[in-house]
Amino acid sequence: MARITILALATLNIVISQKSQIEKINIASKKNGLTISIFSDVKIQPSQITGWYNPSTSWSYITVYNASGNIEALNKTFTSDGITALEIIQLDESLQLGLRTTNPIEQFEFYNKSADSIITASLRYPLNQALAYINKKEKDAKTNNKNLATLLKKYMSEVTFLFVLILLMTLGD
9 MARITILALA TLNIVISQKS QIEKINIASK KNGLTISIFS DVKIQPSQIT
59 GWYNPSTSWS YITVYNASGN IEALNKTFTS DGITALEIIQ LDESLQLGLR
109 TTNPIEQFEF YNKSADSIIT ASLRYPLNQA LAYINKKEKD AKTNNKNLAT
159 LLKKYMSEVT FLFVLILLMT LGD
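To convert a position in the sequence shown, counted from 1, into my numbering, add 8.
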């Protein structure tokens with residue numbers, strides 16, 4: 009019985025201490041923050057990942073404990089709008105992802121599906137900045153629509169004339 013217990017504990021220790029190999033990272037910019045997908049060879053447990061934001065430097069950090077990866081390849085990860093710098097470093101027992109952003113990060117959330125070994129980090133901007141961004145986009149869209157309507161009104165007679173002329177030419181054939 010003691011031998012089975014020792015074998016079970018040894019197996020559990022190997023499984024728990026198994027190092028994750030980070031294969032790639034995808035970063036997407038959203039209206040309310042950033043979404044970061046971290047692809048690993050084994051499932052990363054929520055207890056293995058943490059994140060924080062340093063307001064004095066505008067850097068956000070995500071640390072994946074008991075993980076490693078090809079730092080040179082990971083540092084070539086495509087960055088999207090809102091990110092001014094990316095730095096991924098290997099520490100003794102963890103992999104750290106550093107992101108410098110144009111907007112402050114207010115909240116970190118981590119999700120993983122039970123079916124795969126991808127963990128998603130959601131870094132959220134302050135709510136007032138997200139709402140300001142959405143309002144600006146809506147105003148820009150209204151301005152663009154107004155400009156198009158003005159152009160159509162201005163050149164409607166010319167467009168109508170050309171349309172009728174083309175129609176008459178095709179009917180004449």
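It should be emphasised that the hints constitute simulated quantities derived from the structure, not laboratory data. There may be inaccurate statements among the hints.
Unchecked claim - Within a straight-line C-alpha distance of at most 27 Å, the following computed DSS-like cross-link-like pairs (lysine-lysine) qualify:
1) Lys38 x Lys51
2) Lys145 x Lys121
3) Lys161 x Lys38
4) Lys51 x Lys84
5) Lys39 x Lys145
6) Lys121 x Lys161
Said to hold, decoys possible - Each pair of labels, with its calculated beta carbon distance range:
7) Ser165 x Thr65: 58 to 64 Å
8) Leu173 x Ser88: 44 to 50 Å
9) Phe171 x Ala149: 23 to 29 Å
Predicted model only: the values in this text are computed from it and were never measured. Where a beta carbon is used, it is the ideal one built from N, C-alpha and C, also for glycine.
Holds or violated: Lys51 to Lys84, with C-alpha atoms at most 27 Å apart: Within the cut-off at roughly 23 Å; holds.
Supplied distance hint 23 to 29 Å, evaluated on CB atoms of Phe171 and Ala149: For Ala149 against Phe171, whose Cβ atoms are near 27 Å apart, the range 23 to 29 Å holds.
58 to 64 Å as the expected CB spacing between Thr65 and Ser165, which holds or is violated: 59 Å, holds
Given pair status - Lys121, Lys145, alpha carbons within 27 Å: Violated, at roughly 32 Å.
Pair hint Lys121 and Lys161, alpha-carbon separation not exceeding 27 Å: 53 Å, violated
Hint consistency between Lys39 and Lys145 [alpha-carbon to alpha-carbon, up to 27 Å]: 10 Å, holds
Straight-line alpha-carbon gap Lys38 to Lys51, limit 27 Å: 25 Å, holds
Restraint status (C-alpha distance of Lys161 to Lys38 at most 27 Å): 36 Å, violated
Distance restraint evaluation - Leu173, Ser88, Cβ atoms, bounds 44 to 50 Å: 47 Å, holds
Figure legend: structure checked against the earlier numbered hints; hints not met, in rising order: 2, 3 and 6.
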